[in-house]
Amino acid sequence: MATETKKDTRTAQQAPTVTLTIDGQEVTVPKGTTVLEAALGMGIHVPTFCWHPKLKSVGACRMCYVEIEKMPKLAVSCATEAMDGMVVHTDSDLVKRGRKAVIEFILANHPLDCPTCDKGGECDLQDLTFKHGFDDSRYDFLKMRFTEGAVHTTFDDVRIGPEIILNRNRCILCYKCVRANKEAFGEYDLGAFERGNITEINAAPGREVSNPFSGNLVEICPVGALTNTDWRYKIRVWLTKQARSICPFTSSGTNTLLWKEDHQQKIFRCTSRRNDDIDDGWIADVTRYGWSYVMAEDRLQTPLVKKEGKQVPVSWEEAIDLVARRLTEIDDTKGNVCIGGLINPQLDNESLHAFNKFMRVTIGANNVDHRLDYPMLPAQGDTAYSILSSQPFSIADIDTSDVIVSFGSDMLKEHPNEYLRMRKAYMFRQAKVFTINPYAVKNADIASVDVVYAPGTDEIVVNAICLAAIEEKLVDAGRAAGLKDKIVPNSAAEAAETAGVELDDIKIIARSLADGKQVTFLVGELVARCAEREPIAAAIANLNRLFGLTDKGQVARLARYANSKGAEKLGLTPFPAPEVKAKLERIFGGWPENEALTTDKMLVQMNKEAINAGLVVGANPLLLYPDREFARECLERLDFLVVCDSFETETTAIADVVLPLASWAEYAGDYVNLEGRTQHAEAAIKPRFHSRPALEIIEQLARAMDKPLFESADERRREVAEVLAAQAVLPWPNDYFEVSFDNAAADSEYTIPVFVGDDPHHAGHLTEKSPSLSNFVSEAYVEMSIELAAKLDVKAGDSVRVESEAGKVIVPVKVSDYLDTDAVFLPRNFSSAQVNSLLMRKKRVNRVKITRVAD
Amino acid sequence: MSFYSPVITNAAEVAQSDDLHLFRYVEDPEQHNVDTYEKHGGYVAWKKVLTSMQPDEVIAEVKNSGLRGRGGAGFPTGMKWGFVPKDSPKARYLICNADESEPGTCKDRVIMERDPHAMIEGMAIGAYAIGSHLMFCYIRGEFGHCIDQVEAAMKQAYAKGHLGKNIYGSGYDLDMVVHTGGGAYICGEETALLNSLEGEKGLSRIRPPFPAVAGLYASPTIVNNVETLAAVPHIINRGADWYKTMGTEKSAGSKIFSLTGHVNRPGNYEVPLGFNLKTLIYDEKYGAGIPNGKKLKAVIPGGASTPYLKPDMIDVGLDYESLASVGSMLGSGAIIVLDEDTCIVWSIMKLIHFFRHESCGKCTPCREGTGWLEQLITRIEHGEGRPGDIEKIDDLCGNILGRTICPLGDAAVMPIQSTIKHWRDEWQYHIDHKKCPCANTHEFK
Ligand SMILES: Cc1cc2nc3c(=O)[nH]c(=O)nc-3n(C[C@H](O)[C@H](O)[C@H](O)COP(=O)(O)O)c2cc1C
Ligand code: SF4
Ligand code: SF4
Ligand code: FES
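Chains as they are written, first to last, in the numbering used here: chain A, 93 to 947; chain B, 1069 to 1513.
Next comes chain A alone, as it looks inside the complex (with noise of 0.2 Å):
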């Protein structure tokens, strides 16, 4: 079909160009780009206060002005595209003139309270008062001051979020924050009220600038207008260094710096360090905020070990001691497969290596797992879904993609920098946008047909998708030939009533999924949690043949964690990719012989007592592990458990002896993205009290077990880098997939279905540890649509009880700003609430009733 062309033409096609002059030097650039960048690419300095990379320009602040031959007024270079022939002049008398005007314009009401302002030092203002302006002011009135709202201290402040400080006599009012909101966040909750000079800045009238990025409007706000909290006034900015660093809690790896001092050994904050590939230089609250956890003060300081039913602090070498005995000892008896090891992906590369090694080699158990919050997986290992996994992905070609389909994927709480991407995407090129979800999703509201189906029917939209295709004609009939045959049901009305879903809909994506020039089609967190993740797996990879995306675009399940995909890589999984298994293979001298066992069939094997000890590191399977009660009973059967973390647990809790683990920040360590792109954070203090990082602690007891892991560092690095280079792409088959489907019924009783995932403003169990991020969110609720808050009649705030067949919770209500059908959605990120505890590992829709608690 005409799709591999279509590709072709998309890199063939070489950008035109246009030649100008700045400044006496000649320079060739992609037409479309603003004389501006032009200059700054040449490495001009231009002064802006408005211009920001990333927004559409507005020519607002007019300090970038220069002087173009033949045009008979300044022009604004931030606005003002390059063509052929200008002659520019960025530093003329006029020019000159012009930003001095401008800079007397901004300081005639600015208050010039930069002593007791904390953006000093790093505020584009002083900076550019400093090279441009002048030392004295006509202006010889009172200075507007803004004081309504404000505490009445010197500095007039209004704090307008959980984290963020305003200052409406330092704004300049270069209307970057309410741009940035709005155009790459898509958020209203900050914007410009009154007009003229009596404009201002502010929160939403009865709202919170509280966001899931609002940290990123401090970040670019070129004045001490817009502060954090979490930094404001804690150490002056020159006294800092930084650390190159990335997030820790997300899956892109957004880039950052981590603000440090290092006689202190203290961390101060968290910004964005710009890369275009990955983030944009936007990054989520999660990722800004998360870092102070490193710093809490409740952190596991020592070792414990549990004496006498209760745990008491002892000394590493106590303590490795007595794991390494232990270990041993089960071993011996037991035998080695009676040992269970299961570790966050969140830790870096060489961690998880080792202690993929200290399992298969030292302990010689194929008992390895890193997804600990998945339900029951399929035994013998997924196939359509490894290969959907395993596919390549760029977040960039994002940008560049016509049509974007999400599916099964609540993007802002998963993925918040791709979620960025989309609306990228869909406000700079007007890409069209899908999302396809068994519940409305934020994401939506750029969608341009939002499809919701019926929990519990995900295979059944996808092949709806295909079969209208088919129908349609949309598609090469000899490539559509077979498919019919293979899945349910018969047509595509069918498949739409079944899931719940307008027809029409269905056919629109179809159509545009047919003639989109380039696809990028993701599949999130609802689909790789989900029990069924197979069949549905299935169903996408023939959508994927029969649309022929790949060819096109990009078909990819999304990974979760900051190393997930380091971890598939590294192949820390019961059923590694081929060639990465063939080559821990080699490196490992062998292969332990024991079925390979996922966290689910450890835990049963536990619960059979055929497991009898387990190593835990850096998780907290009790609370994330979507069945509380079984991933308790079973750890509790164990006669050993080893728990590292950083923090009490509910797991560390149940366990012989807990570990106090490093975090990210404390160690240097390598980080594979979703894309698989290999990234190194750099330490940017010590490792605080006596925690340890893992893969000390790991290599600490290979060696107390007489089994060290590695000869040397450099003999680690090349292991890791050599699993690393392994080809972990499985390719797609040449025929479509059975996709077979009964729909099992709904329980009577029980018959709200629930999801639970993380709040956009945490990730997994850390992020409760850090105070910044409690500002935000610190309790978990319960969210729900308009209607059915008023169905169970019940409003925001009220205490509920939300049931299910395992177990009950007791949180306030959420009403939802987007959630549109019954479904509800519970965080899992607090300890307070255990909502795992409400479902089973067994079921593909979790359902619960609810009711209100009587106050």
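Read the hints as simulated data drawn from the structure, not as lab findings.
Where a beta carbon is used, it is the ideal one built from N, C-alpha and C, also for glycine.
Any given hint could be a false lead.
Stretches of chain A that chain B covers, calculated by requiring three or more beta carbons in the stretch to come under 8 Å of a beta carbon on chain B [as the list claims (entries may be wrong)]:
#1 196-207
#2 287-299
Straight line, CA to CA, 20 Å or less: simulated SDA-like cross-link-like pairs of lysine to any residue [what the hints assert, rightly or not]:
#3 A/148 x B/1282
#4 B/1460 x A/186
#5 B/1460 x A/234
#6 A/148 x B/1266
#7 A/326 x A/867
#8 A/162 x B/1470
#9 A/165 x B/1470
#10 A/148 x B/1351
#11 A/192 x A/225
#12 A/934 x A/721
#13 A/146 x B/1274
#14 B/1460 x A/233
#15 A/188 x B/1462
#16 A/165 x B/1469
#17 A/188 x B/1469
#18 B/1460 x A/229
#19 A/146 x B/1286
Place chain B with the ligands on chain A using the hints.
Positioned in the frame of chain A, the structure of chain B with the ligands alone reads:
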């Protein structure tokens, strides 16, 4: 019910004339009814366009007529329509700018109240010319009666099949939406109007892109003034050549001038472009001179945004070129007459207050500059001016002029600069004598 604002017009004269046309029926109390409008030849042009003309022919006719925008800038209308990209796959929109807020201007209001179908018919023809199937009329919120009249007229037009689906069996669909503004002057500026219409704050947008390429919802959009559009049906009916017989070579046609201030007969007068300003002020048929036999001090010829004229400059044609030759502009055609008792500084203080208040606040020079200027001018008028203030004002004006996103910044400073040039002594008097020479003659402050 028919309620009209009590505005003097020269409808009787227009009715006598063979050529003047905008005001021909504005004194007919039934003209706002579609039947009366049709009886007077209404919707004939629209039918002609739909049934016998290609969009390009319409554009060519309007281009040939020499019609220029009556909203202030005087841009050739047909040429503007021609800027809409022919190959754009996007929807196109035609917007009638009925935000009429320029101080002194009150002409569009008369058309909307008394002859709303003329505007609607012109809009429809414009929409067809650019291939638009949805047109908006953006009316300033305070114009309650205009809104009622236009909405009623629109309903009648739908009922009579002048709007809607498959109009006159031509297959052409055209819908109309009336949108009321919130009362901001800046929302008359076409890009701020677009933002407002989209539900955003009324802030001007930087050009390019021009609305004709990327306007409402980033789609090709034409914004035209009420009066501009109301002239279009006549041009279609009687031809470009006829239209060109009125006015001057470069300023064709007729225009409504809103004459206000110190004149005996303030009102709206339709005259051919090039008409003598002095005649308009003094002739008994029009302004009939200045009350109480006072002498003339100054004339603002084109609305509050245009440079002042001294008495010895008013023997000039009311057309784009002639007014430019005396350093001013035709603007929206709102002529404000100031008599000898009026303090120039006081009048400027009133204007700068207006512009400061109406600045959208997007770009630095206008937002900060108008506020600063208002403070300086106010203190001079109040006898508190300091030596050097006039020079400072002049310099600040220079830092705003030509340095802003939209023309409001220019509009705010051009009148100031013109008065400093023409009445420098009077400015200086305020500072030297620490008082306003005409303070006691101002009725209100
Ligand atoms: C501050 C400002 C206010 C304006 N107000 C109006 C207005 O109220 N009505 C109007 O028709 N044009 C107004 N304009 C002019 C419009 O921007 C635009 O040029 C005009 O509507 C185009 O129509 P025309 O070509 O028919 O004149 C204003 C311009 C500025 C800069
Ligand atoms: S608060 Fe900061 S970013 Fe927002 S407009 Fe003011 S100066 Fe710009
Ligand atoms: S000139 Fe004034 S009104 Fe126009 S965009 Fe700038 S601030 Fe707004
Ligand atoms: S940076 Fe160009 S106008 Fe602000």
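Right, here's what the structure says about each hint:
| no. | hint | result |
| --- | --- | --- |
| 1 | 196-207 | holds (count 5) |
| 2 | 287-299 | holds (count 5) |
| 3 | A/148 x B/1282 | holds, 14 Å |
| 4 | B/1460 x A/186 | holds, 18 Å |
| 5 | B/1460 x A/234 | holds, 17 Å |
| 6 | A/148 x B/1266 | holds, 17 Å |
| 7 | A/326 x A/867 | holds, 18 Å |
| 8 | A/162 x B/1470 | holds, 15 Å |
| 9 | A/165 x B/1470 | holds, 6 Å |
| 10 | A/148 x B/1351 | violated, 53 Å |
| 11 | A/192 x A/225 | holds, 5 Å |
| 12 | A/934 x A/721 | holds, 13 Å |
| 13 | A/146 x B/1274 | holds, 17 Å |
| 14 | B/1460 x A/233 | holds, 14 Å |
| 15 | A/188 x B/1462 | holds, 19 Å |
| 16 | A/165 x B/1469 | holds, 9 Å |
| 17 | A/188 x B/1469 | holds, 16 Å |
| 18 | B/1460 x A/229 | holds, 12 Å |
| 19 | A/146 x B/1286 | holds, 19 Å |
In summary, the one numbered hint that this structure violates is 10.
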